[in-house]
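Participant: Can you make the complete structure from the sequences, with help from the hints?
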Amino acid sequence: MNPLRGLVIVVYFSLATLPLAWLALTSIKTYDDTISARAKFIPWADNASTAEAAGESARFAPTLDAYRNLSRPVAGTPNDFYHYLGNSVIIGVLSTLAAVCLGTICGYGFSRFKLPGTKDWLFFILSTRFLPPLAVVVPVLVMYRWFALENTHLGLILLYTSFNLSLAVWLMKGFVDEIPRAFEEAALVDGYSRLRTFVRVIVPQASTGMAVTGVFCLISSWNEFGFAMTLNNYDAKTVPVYFAGLQGNIEGVPWPQIAAGMMIFVAPIVLFTVLVRRHLLRGVTFGTIKQ
Amino acid sequence: MGWGFVLPALILLLAMNLFPLIFNIYLSFTNADLSGGLVKSVGARNYTVLFGDARYANALSTTALFVVASVSIELVLGFALALALRDRVPGKPVILTVLLIPMMLCPVVLSLFWNLILNANYGVLNQFLGFAHLPQPQWLTDDDLKLVSILLVDVWMWTPFMMLISLAGLNAIPKYIYEAAEIDRASRFMVFRTITLPMCAPLLGLAVLLRATDALKQFDLVMAITGPNDASTQTLSTRIYQVVFRDYKVGLGSAYGVVILVAVIAVATIFVRYIDGLNKRQGKAEA
Amino acid sequence: MAKKPVAASSILVGIGSVLALGAGCQKQQAAAPESAPAAPAAAPAAAKSLTIWWAQWAPADGLQDLANEFGKQESVEVKVHQIPWASFQDQVFQEFGKNQTAFDIVVGDSQWLGRGATKGLYVDLTDWLPSAVPVKGLHPLALKYLAEYPTGSAHYFAAPAETDAMGWAYRKDWFDDPAEKAAFKKKYKKELAVPETWDDLRTIAEFFSRPAKKQYGNVLVTGRGYDDIVMGFEQVLYAFGGSWGDAKTMKVKGALDSADAVKALDFFKGLLKFAPPGGSKLGYGDALEPFVNNSSAMLMNYFAFFPDLAKKMAGKVGFFAMPKQGERRFASLGGQGFSISTKVADSQKELAKKFIAWFSQADTQKKWVQKPGGFTANAEILKSDAFKKASPYNAAFAQSMDIMQDFWNVPVYNELIAATAQQIGEALDGKKSSKDALSELAAEHEKILQAAQ
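Residue numbers (my numbering), protein chains in the order written: chain A, 19 to 309; chain B, 27 to 313; chain C, 1164 to 1616.
Since no wrong hints were added, every one of them can be taken at face value.
Under the rule of at most 25 angstroms between Cα atoms (straight-line distance), these lysine-lysine pairs were calculated in the PhoX-like manner:
no.: 1; chain 1: C; residue 1: K1261; chain 2: B; residue 2: K66
no.: 2; chain 1: C; residue 1: K1551; chain 2: C; residue 2: K1534
no.: 3; chain 1: A; residue 1: K308; chain 2: B; residue 2: K306
no.: 4; chain 1: B; residue 1: K66; chain 2: C; residue 2: K1610
no.: 5; chain 1: C; residue 1: K1552; chain 2: C; residue 2: K1529
no.: 6; chain 1: C; residue 1: K1282; chain 2: B; residue 2: K66
no.: 7; chain 1: A; residue 1: K308; chain 2: B; residue 2: K118
no.: 8; chain 1: A; residue 1: K308; chain 2: B; residue 2: K201
no.: 9; chain 1: C; residue 1: K1307; chain 2: C; residue 2: K1487
By construction, these hints were calculated from the structure, which means they are not laboratory data.
Facilitator: Printed below as a string of structure tokens:
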């Protein structure tokens, strides 16, 4: 293999993973070690003779305190990390379920029926993805005030569902397109109603597609910040908003806890990325590129 | 019949997207305030204020600069990386999957963490630079460098996206074309310029469009790294945040929203035409 | 095959599932603390509750402790909800946009009075305050800045809750070290002691600035998120003879861009030379870090942050009030007042008044000052020796109360602060000269003030 290529790969791989490695290291440090003037990156403490020498050394004593402290609220906050993680899970999972269900149904409709204006509808659905959340947040905020949906789980679930629908519809339409019509036609000939055909024939065939779509919708809701921060700023807060709110904390930003919390927050995403790695290209390009 | 399947999703989308946009237009002609109070019509005053405001022009240029810089850097780096990874590499599946992780992570949460790395006082990046006897810039406070810091995080996160699509493009080039070029004894550079690049171009174009539309929305990174009120990094989205949630001017914020909406529709139209063109070309190629 | 049932059932399934899930979630949420206006009669003895919103810092913890006593007395649950400073203002005013706010009392910053008063968000306390709170016994500056709008009009929209001012913390152990003392005397021909003037402070900062050893002379508050940099600079501005402008005529030019003001900004910029890297962008909380990690000699911040410092660095830290320039000595005012939201039930407003009255009694105030970060407006307590000796920072605080200065509290104060933070920030970042920054700022301020007329 060309040494230049090898060099490029190695350099880029290190650059890509080093921040993540630093994240992992930070999560096993004490607070003082994270802001010490001398960066500490060797998790093996030697018994340094003086405090000064310990300050100068690149070694630190690893500890799992940060992870243990996650179940205690940070100074001045009403709940601990797991409460906010719970919010993220509830909002993420429910909005994903709703988006995938509605998206599959809708994708099937566009795929199998020659509806007038399909292209325009699909364009409209896609364009909702291009809108910067902040451009839309103002009227949504006012609307939510009428229905008392600010700072509720339901409010964000509704919003994320509609937000993810564009992704869900495009992806599922692509997946449903790939299912041969022969299966449905056989079922219809057998006297199944459309709805039953959909449930009995299409859904099982599209289940991989639904899972993949579900993963992407979940990741999108999990990571969303713009709406979460403006609509749910003191109740039903999700983890990204919680972490952002720890900036400027009175007792100093609790870096080890943030790092530990991030490791836990990020773990499901990493897991899902690995699970759908074969469909990653399709998912991030809205189903326009199928590998 | 088909409408039955399609309607639920469409109704939800219309309610959550179309209605707010119309309402946005209405609000942009009023003096609505975030803290409530009487809403009065003020004609087109919000628009005259908007277009006359130097900060609007600044936000526009900052956003444009950010989009162009981030997309081009990511394209070059991603494509180079794809070139390096296209053939057999030991452990390729693992390497690929690991490389793709940064783009799936939460931007806000990561930027908060990058603040720790880029901190001028105790950040590990500056310590590393000092160790190598290189200058230690103040990433987060130096005016010229704040946008660079944001670019740095964005490039770190999204280069894998470009790499993924470039790989797809590169892998789609049939081997026999390269074999024919070899028979013709074309130089490596010629091959790259006349075969590789043009055949990848459509997918690369798609990648650029996708990334550009995402970069236009940039909000999370700016909020976490410099805050919304920083002149050197204020993008359109953070400008709206400042106007609505700090200055409490809902009417003016809606005017910004309408302006952005027009831009977004333009971009979306280009995007859809491009995809159509791609599909047609694929159809022709297969025919 | 009927078309309608499929369409209807699919719509129902879609919407119904989302709503059902949502309704389930609503029930799971903690019940909102405000009591429904009409419900109490029908609902069985529902526990009363009082919600107070404040910023996230030590005094809020103290308030919660103290409020629990009131709660036991009156069988009410008092909840103090803390919000980080950087988003406190935004969340409060966004919440005010609702028909009913989640809080009954907000311990709002002094500058918010104008907005709260003119937009009908704060309950007018003019008639009630003098009868319920020992107004004559309050420090005059505290009453003026924390309760009145317009300032000096004796119209009250808040009751003083927490007084605060900016001061300095310093490394007593470094100042007392004989080797340092000798070196200082040798270099500057004077004693190393707590600085009396701004020039003294600068000299000491210069002395302790040893970047090669990662030691720095001073840490200033320069954050851009809220009013950090504005408050940090304000005391220097006034000490050198500048000012924000004339409150009666709304004229800013001539005051904010005067030669004295430019000198003040240049001086402030000069102090940054002895600050740690990144020192031109440190918020209230961030500024603590370079002092706590043992790399800085002096720290400027609000006294409310000092109790935590005194605890963490016991024996190593001392405190002093703002130095003077010539004969002018000013400290940026801090402190918040209790304001009652107009958007809650009348019964809640009465409960809130009861709480405020209880809090302002001398007995409660004596307990309040014992809470870390709890500072009183009660003039007698402030003058007492017992108070001054009660902690290492109280004496400096009592001294600071007499030299307080506040920013504009007009309804458009938030725009004024945002513009100030931006312009002064650019001057500190080296993007503009002090003169240019201040002239542009003065022009911007006048524009904002006039547009609001």
